[in-house]
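Q: Residue strings, one per chain:
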Amino acid sequence: EAQVTQNPRYLITVTGKKLTVTCSQNMNHEYMSWYRQDPGLGLRQIYYSMNVEVTDKGDVPEGYKVSRKEKRNFPLILESPSPNQTSLYFCASSLSTGSYEQYFGPGTRLTVT
Amino acid sequence: GDSVTQMEGPVTLSEEAFLTINCTYTATGYPSLFWYVQYPGEGLQLLLKATKADDKGSNKGFEATYRKETTSFHLEKGSVQVSDSAVYFCALRDQAGTALIFGKGTTLSVSS
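Order-wise, the sequence lines are chains L and Y.
Under this note's numbering, the final residue of the first sequence carries the number 93; numbering is consecutive throughout.
Under this note's numbering, the final residue of the second sequence carries the number 277; numbering is consecutive throughout.
These are calculated hints, taken from the structure and not from any lab test.
Check the hints yourself; a few may be wrong.
[Stated by the list, open to error] Derived DSBU-like pairs (lysine-lysine); straight-line CA-CA distance at most 30 Å:
{"hint": "1", "chain 1": "L", "residue 1": "K37", "chain 2": "Y", "residue 2": "K217"}
{"hint": "2", "chain 1": "L", "residue 1": "K(-3)", "chain 2": "L", "residue 2": "K51"}
{"hint": "3", "chain 1": "Y", "residue 1": "K233", "chain 2": "Y", "residue 2": "K217"}
{"hint": "4", "chain 1": "L", "residue 1": "K49", "chain 2": "L", "residue 2": "K(-3)"}
{"hint": "5", "chain 1": "Y", "residue 1": "K269", "chain 2": "L", "residue 2": "K45"}
{"hint": "6", "chain 1": "L", "residue 1": "K37", "chain 2": "Y", "residue 2": "K269"}
[Said to hold, decoys possible] Beta-carbon label-pair distances, calculated as ranges:
{"hint": "7", "chain 1": "L", "residue 1": "E42", "chain 2": "Y", "residue 2": "S276", "range": "24 to 32 Å"}
{"hint": "8", "chain 1": "L", "residue 1": "G43", "chain 2": "Y", "residue 2": "G226", "range": "23 to 31 Å"}
{"hint": "9", "chain 1": "L", "residue 1": "K(-3)", "chain 2": "Y", "residue 2": "D167", "range": "42 to 50 Å"}
{"hint": "10", "chain 1": "L", "residue 1": "E(-19)", "chain 2": "Y", "residue 2": "G206", "range": "13 to 21 Å"}
{"hint": "11", "chain 1": "Y", "residue 1": "L211", "chain 2": "L", "residue 2": "E42", "range": "27 to 35 Å"}
{"hint": "12", "chain 1": "Y", "residue 1": "A182", "chain 2": "L", "residue 2": "E81", "range": "25 to 33 Å"}
{"hint": "13", "chain 1": "L", "residue 1": "K49", "chain 2": "Y", "residue 2": "S274", "range": "37 to 45 Å"}
{"hint": "14", "chain 1": "L", "residue 1": "S62", "chain 2": "Y", "residue 2": "F183", "range": "27 to 35 Å"}
{"hint": "15", "chain 1": "L", "residue 1": "P(-12)", "chain 2": "Y", "residue 2": "K233", "range": "29 to 37 Å"}
Just so you know, even glycine gets a beta-carbon here, dropped at the ideal spot from N, CA and C.
Extracted from the complex, chain Y is given alone in its bound form:
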């Protein structure tokens, strides 16, 4: 079945460092891909998405490019802030569109 694999955390960075969180997927067809963010004590919020190959999703300085050839959707940010500390989930929406399949989440901790 469909699945998402993302890098294990926690990831600990200093403010203004470069961030990469790796995400790869296995799916039939061409799923839509998402990054969600969960701040402490809150629900999940959509960070960005891409719906077809070579699409780049971007929001709040974060970017991710849908790479069909490597089945990847890595999350990047050029300069992280303390306020970016959260858990990040990579997800795909299956071909039927009835479920979001999530990775296990990566905890990011940014210190000043």
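Pulled out of the complex, with its shape left as it was, chain L reads as follows:
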């Protein structure tokens, strides 16, 4: 089944404790992206990657890092999480840029205390 998977689905952590949210897709997509969803703000792009070893900032990249060493994986790294990073995070992928549909993962709900 074609899908985007994320782990963990739920995470509660403390300020400053480094964490990684994994994202994997099995559709051989070139493009991958991370979004955060906050009430009243919709979804905002954090980082995106157009191919292996090619990443770029989205609208809200501060406090996040990403890497794209393999085509299928695009982990999101929070080196020193803060409470304002409490949010619902979605990974997405698409065949390429342009009008191609983006497929979304199920989401990771992160709480930073």
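Go by the hints and put chain Y onto chain L.
A: Okay, now just chain Y, sitting in the frame of chain L:
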């Protein structure tokens, strides 16, 4: 920069009522337009899309027409069902194709 504005919710309807969710956009060039739906506890799913002016996207009884002259992409359904209860997001893909720009979402609640 590019932006999407959609009507505030929540929208509460009875089963079989007509649905309209308004969406307007601001963008350079000719972006592709999308409606995504998010059911409770799930990720976003593409509902329909349109890639050029006057295109009509349709799926599951939902429709939306890309209107360049009014920069709009309103979502409509003639007869909603309880199972349509969800959050609906209007979005555009920017000219570079590197990001989806989302509206804030509209919550639809349908009662029987």
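Q: Decide, hint by hint, whether the structure agrees.
A: Taking the hints in turn, this is what the structure says about them:
1. L:K37 / Y:K217: Roughly 27 Å between the alpha carbons, so the hint for K37 of chain L and K217 of chain Y holds.
2. L:K(-3) / L:K51: The given pair, whose Cα atoms are some 27 Å apart, holds under the 30 Å limit.
3. Y:K233 / Y:K217: Holds: K233 of chain Y and K217 of chain Y sit about 8 Å apart, inside 30 Å.
4. L:K49 / L:K(-3): The hint holds at about 23 Å.
5. Y:K269 / L:K45: 25 Å, holds
6. L:K37 / Y:K269: Between K37 of chain L and K269 of chain Y the Cα gap is close to 21 Å, so the pair holds against 30 Å.
7. L:E42 / Y:S276: 24 to 32 Å: 42 Å, violated
8. L:G43 / Y:G226: 23 to 31 Å: 41 Å, violated
9. L:K(-3) / Y:D167: 42 to 50 Å: 36 Å, violated
10. L:E(-19) / Y:G206: 13 to 21 Å: Since E(-19) of chain L and G206 of chain Y have Cβ atoms about 19 Å apart, the given range 13 to 21 Å holds.
11. Y:L211 / L:E42: 27 to 35 Å: 29 Å, holds
12. Y:A182 / L:E81: 25 to 33 Å: Holds - the Cβ-Cβ distance for A182 of chain Y and E81 of chain L, about 29 Å, lies within 25 to 33 Å.
13. L:K49 / Y:S274: 37 to 45 Å: 43 Å, holds
14. L:S62 / Y:F183: 27 to 35 Å: Hint violated: Cβ distance 45 Å, outside 27 to 35 Å.
15. L:P(-12) / Y:K233: 29 to 37 Å: 43 Å, violated
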